[in-house]
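Each residue of the sequence shown is one higher than the last, beginning at 1 in my numbering.
Mixed in with the good hints, there may be bad ones.
[Claimed, not checked] Taking lysine to aspartate or glutamate pairs in the DMTMM-like style, the calculated list, with each CA pair at most 25 Å apart, reads:
id, residue 1, residue 2
1, Lys167, Asp110
2, Lys37, Glu143
3, Lys37, Asp66
4, Lys128, Asp66
5, Lys182, Glu143
6, Lys37, Glu78
7, Lys37, Asp199
8, Lys19, Glu78
9, Lys220, Glu156
10, Lys37, Asp105
11, Lys80, Asp21
12, Lys19, Asp42
13, Lys221, Glu129
[As the list claims (entries may be wrong)] Taking CB as the label site, the calculated pair distances span:
id, residue 1, residue 2, range
14, Asp148, Ser109, 21 to 31 Å
15, Arg237, Asn217, 32 to 42 Å
16, Pro9, Glu157, 51 to 61 Å
17, Ile111, Gln238, 42 to 52 Å
No lab work stands behind these hints, which were simulated from the structure alone. Glycine included, every Cβ here is placed at the ideal spot set by N, Cα and C.
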Amino acid sequence: MKNPDMNCPEREKVVSWIKRDPLHYRYLLDFYDTGAKVLQLDEDAIVLVKEDCSLAYGAGKGIHPDERYLIMTDSREETKRLIETGHYVEDDIVTVYMEYYPDEDIQLSDIQGVKFRDLDESDIPFVKEHYDAPAAAQPGVIERCIADGMIGAEGEEGLYGFIGMHKEGAIGFLYVLPEYRKRGIAMELEKRMIRKQLDRGLLPYCHVQTHNTASLNLQKKIGMVCYPDTFYWFAGRQFNN
């Protein structure tokens, strides 16, 4: 859900900052429009935070986030500088590429014997059983994700896989049972989530760890475009405390 006042002075300042490189920083506007607040905004840097889930995006030079947040930065130098302050966890830096979908529509396909539907509360146990990433371990994450519109692939034997949205706005939670892989199900799940984001007026994007060759190849097949620079996720020492 977007912020109700799309013409407020604060949003205009965020838009003005992003205009210096609209393609590179579009994700910041969507982050703001879906509930983030401004923590820092000056000539050189911007930091946006979602307080309800302790997430932050920082871009530019001289950012000053808060130790309470898990933050993504767009600069190796800024990441190094923040780590050197001692207020952030050096061992847990995750380096990712940001992949985004550049077009206004996407062609969906049918897969024989598979139907796609929005998940509901009855599907929570299946998702919790098969998705064991750290992000899903926090209380209420799967429930929130399903409420926001997870998509499942289903056949006669039950659910084959699913996809959802991370709280920051990136497509994720993609999983397909091993016995149903290599049938195009993962690709079709992501394409349908891309369509959902397009229908919401949001930029479809995802974060892929730089060593995840299989996922990077999948993004290329779908038509996602990879930013040339890497991004960095890391946590403040008070995150989740």
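Evaluation of the provided hints:
no., hint, result
1, Lys167 to Asp110, "violated (28 Å)"
2, Lys37 to Glu143, "holds (23 Å)"
3, Lys37 to Asp66, "holds (13 Å)"
4, Lys128 to Asp66, "violated (30 Å)"
5, Lys182 to Glu143, "violated (28 Å)"
6, Lys37 to Glu78, "holds (21 Å)"
7, Lys37 to Asp199, "holds (24 Å)"
8, Lys19 to Glu78, "holds (21 Å)"
9, Lys220 to Glu156, "violated (30 Å)"
10, Lys37 to Asp105, "violated (29 Å)"
11, Lys80 to Asp21, "holds (23 Å)"
12, Lys19 to Asp42, "holds (14 Å)"
13, Lys221 to Glu129, "violated (28 Å)"
14, Asp148 to Ser109: 21 to 31 Å, "holds (24 Å)"
15, Arg237 to Asn217: 32 to 42 Å, "holds (36 Å)"
16, Pro9 to Glu157: 51 to 61 Å, "holds (54 Å)"
17, Ile111 to Gln238: 42 to 52 Å, "holds (45 Å)"
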